[in-house]
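Once you have looked at the hints, place chain B on chain A.
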Amino acid sequence: MNPQTERQSNAPDAALIDRIVQRDESALAALYDRYAGMLSSVLNRILRDTQAAEEILQDIFYQLWRTAARFDASRGSLPGWLVVIARNRAISRLRKHNPAGGEEIGENSVVLPLNLENLVAQREMLARVKGALEALPREQRAVLELAYFEGMTHSEIARHTGDPLGTVKTRLRTALETLRRNLR
Amino acid sequence: MNGHPTREEDFDLYALGALEGDEKQAIETHIAVCPECAAKLAAARGRVAVMSFAAPRVDPSPRVKAELLARVRPEAGAFVPGPAPRQTKSPVIAGRVFGRWWAAVLAPIGVALAVATIFLWNQNERLDRELANLRQTVAAQQKNLEETRHAADLLAARDTVVVPLMPMPGVPKDSMARVTYNQQMGMLMYDGNLGPAPAHMSYQLWLVPMQGDPINAGVFNPQAGKTEHWMMHLPAGVTAKAFAITIEPAGGMPHPTGPKVLVGAIS
Numbered sequence: 000m001n002p003q004t005e006r007q008s009n010a011p012d013a014a015l016i017d018r019i020v021q022r023d024e025s026a027l028a029a030l031y032d033r034y035a036g037m038l039s040s041v042l043n044r045i046l047r048d049t050q051a052a053e054e055i056l057q058d059i060f061y062q063l064w065r066t067a068a069r070f071d072a073s074r075g076s077l078p079g080w081l082v083v084i085a086r087n088r089a090i091s092r093l094r095k096h097n098p099a100g101g102e103e104i105g106e107n108s109v110v111l112p113l114n115l116e117n118l119v120a121q122r123e124m125l126a127r128v129k130g131a132l133e134a135l136p137r138e139q140r141a142v143l144e145l146a147y148f149e150g151m152t153h154s155e156i157a158r159h160t161g162d163p164l165g166t167v168k169t170r171l172r173t174a175l176e177t178l179r180r181n182l183r
Numbered sequence: 000m001n002g003h004p005t006r007e008e009d010f011d012l013y014a015l016g017a018l019e020g021d022e023k024q025a026i027e028t029h030i031a032v033c034p035e036c037a038a039k040l041a042a043a044r045g046r047v048a049v050m051s052f053a054a055p056r057v058d059p060s061p062r063v064k065a066e067l068l069a070r071v072r073p074e075a076g077a078f079v080p081g082p083a084p085r086q087t088k089s090p091v092i093a094g095r096v097f098g099r100w101w102a103a104v105l106a107p108i109g110v111a112l113a114v115a116t117i118f119l120w121n122q123n124e125r126l127d128r129e130l131a132n133l134r135q136t137v138a139a140q141q142k143n144l145e146e147t148r149h150a151a152d153l154l155a156a157r158d159t160v161v162v163p164l165m166p167m168p169g170v171p172k173d174s175m176a177r178v179t180y181n182q183q184m185g186m187l188m189y190d191g192n193l194g195p196a197p198a199h200m201s202y203q204l205w206l207v208p209m210q211g212d213p214i215n216a217g218v219f220n221p222q223a224g225k226t227e228h229w230m231m232h233l234p235a236g237v238t239a240k241a242f243a244i245t246i247e248p249a250g251g252m253p254h255p256t257g258p259k260v261l262v263g264a265i266s
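If you read the protein sequences in the order shown, they are chains A and B. The letter at position 70 of the first sequence is residue 69 when you use numbering that gives the first Met the number 0, and the numbering goes up by one with no holes. The letter at position 171 of the second sequence is residue 170 when you use numbering that gives the first Met the number 0, and the numbering goes up by one with no holes.
It is possible that some hints are incorrect.
[Said to hold, decoys possible] In the EDC-like style, the derived pairs of lysine to aspartate or glutamate whose C-alpha atoms are separated by at most 16 Å in a straight line are:
hint, chain 1, residue 1, chain 2, residue 2
1, A, Lys-95, A, Asp-71
2, B, Lys-64, A, Glu-144
3, A, Lys-168, B, Asp-58
4, A, Lys-168, B, Glu-22
5, B, Lys-64, A, Asp-58
6, A, Lys-168, B, Glu-19
[To be verified] Here are a few chain A residues that face chain B, going by a calculated C-beta distance under 7 Å:
hint, residue
7, Ala-10
8, Pro-11
9, Leu-145
10, Tyr-147
Hint data in this document are derived by calculation from the structure and do not stem from the laboratory. Positions of the beta carbon are idealized from the N, C-alpha and C atoms, including for glycine.
Okay, chain A solo, but in the shape it has when bound (with noise of 0.2 Å):
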């Protein structure tokens, strides 16, 4: 790695969004490097399909690219942005339309509860989400995972399941709960 790619591969997110705003590609080469296999793993999760998943990832960093100078990366988390994006959007394909709130939300409209700037950060966090998760009963797990890989709402996952409507709220909302506590 040479001392000018080391330099970009460290920057922090707001440095590189500063030099994408100036329209240095070498800054976005370095945060999709940073975050574009934590993208491909959550398209690939709900598309099952590499290449509608590697076309949103295209067109989301060239979203970046163009809108740059409307991100305040000390407003709104960037990675978390990508992601919220990305889920949309692969929903919105994967289902033709989103009924569950797919909408373009605005750039400083997600704050992540800690920085992933770096890939041990990421590496981190992907153990405690894994522990969080392996530590909900399954039927919580089942009805979390309908929701934010399939896009499915309340009385969709109902359906899907065959539990009571009521159940699957109480289910998803404990789950919610538990993650919120043991993430926190």
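Frame of chain A, contents of chain B only:
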């Protein structure tokens, strides 16, 4: 909905996309007029977004990056901070309307205005950034303050217990930890000096209740030579009889599976 949503999970459920009909509409209507709840929704979106880490890792083909960079390359370098390029106006029109003399007078003024505009724009950007950094610092300090308050509450409570965790046979004698726990508050503080966990493994702290299975009380990977300190919120009201730390696969397990490293009973 006229008032604020009463439960934090309402924001999480909305961010997840699970709400529908009136429930969804109520949140949307309220968020549009309530900046405080809009901020809560931003935090909820972040919490929900970490679910993406549950997806198995799939790296994209190198072709995607190459195509992306090829796509942006024609625009790359188009913006260069500094004085505006001279050819922003047609010299033909300028010459026709004002004549060469006027153009000679106005051109330096135009350049000066452009430089001043860029200078002011840069100043504005810098001030915005400084303000945003200050906001971030204040938010971080508030979070630290909140954690300090929680710690103070925990330490001050009369029913808080402090449980030393002692090394099991075969574990280095200088491996020590301490759990400070309050059953009513459901709050736990860990302090310890365990060495790094083995490769691809994590330490996991368990609350061993009077009845039922051990409860996960935190997964951690300490660094060599560093004291680990953190707090954890657990379900309130669980009576603990002991705490134990086991070695588990990286990220932790729903139930203890690995060897015990440190154990401490509540006397």
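How the hints compare with the structure:
Taking the CA atoms of Lys-95 (chain A) and Asp-71 (chain A), the gap is about 31 Å. The hint is violated against a cut of 16 Å. The straight-line distance between the Cα atoms of Lys-64 (chain B) and Glu-144 (chain A) is roughly 29 Å, outside the 16 Å bound, and the hint therefore fails. This hinted pair does not check out: Lys-168 (chain A) and Asp-58 (chain B) have alpha carbons roughly 34 Å apart, beyond 16 Å. About 12 Å separates the Cα atoms of Lys-168 (chain A) and Glu-22 (chain B), which keeps this hinted pair within 16 Å; it holds.
Among the hinted pairs, Lys-64 (chain B) with Asp-58 (chain A) is consistent with the structure: their alpha-carbon atoms are about 11 Å apart, no more than 16 Å. A distance of roughly 12 Å separates the Cα atoms of Lys-168 (chain A) and Glu-19 (chain B); the hinted pair therefore holds under the 16 Å criterion. At its closest, the beta carbon of Ala-10 (chain A) sits 15 Å from a beta carbon of chain B; the interface hint therefore is violated under the 7 Å criterion. Among the interface hints, the one on Pro-11 (chain A) is violated; its C-beta lies about 11 Å from the nearest C-beta in chain B, farther than the 7 Å criterion.
Among the interface hints, the one on Leu-145 (chain A) is violated; its C-beta lies about 9 Å from the nearest C-beta in chain B, farther than the 7 Å criterion. The beta carbon of Tyr-147 (chain A) is positioned within 7 Å of a beta carbon in chain B (closest approach about 5 Å), and the interface hint is therefore held.
The structure fails hints 1, 2, 3, 7, 8 and 9 (numbered hints given earlier, in ascending order).
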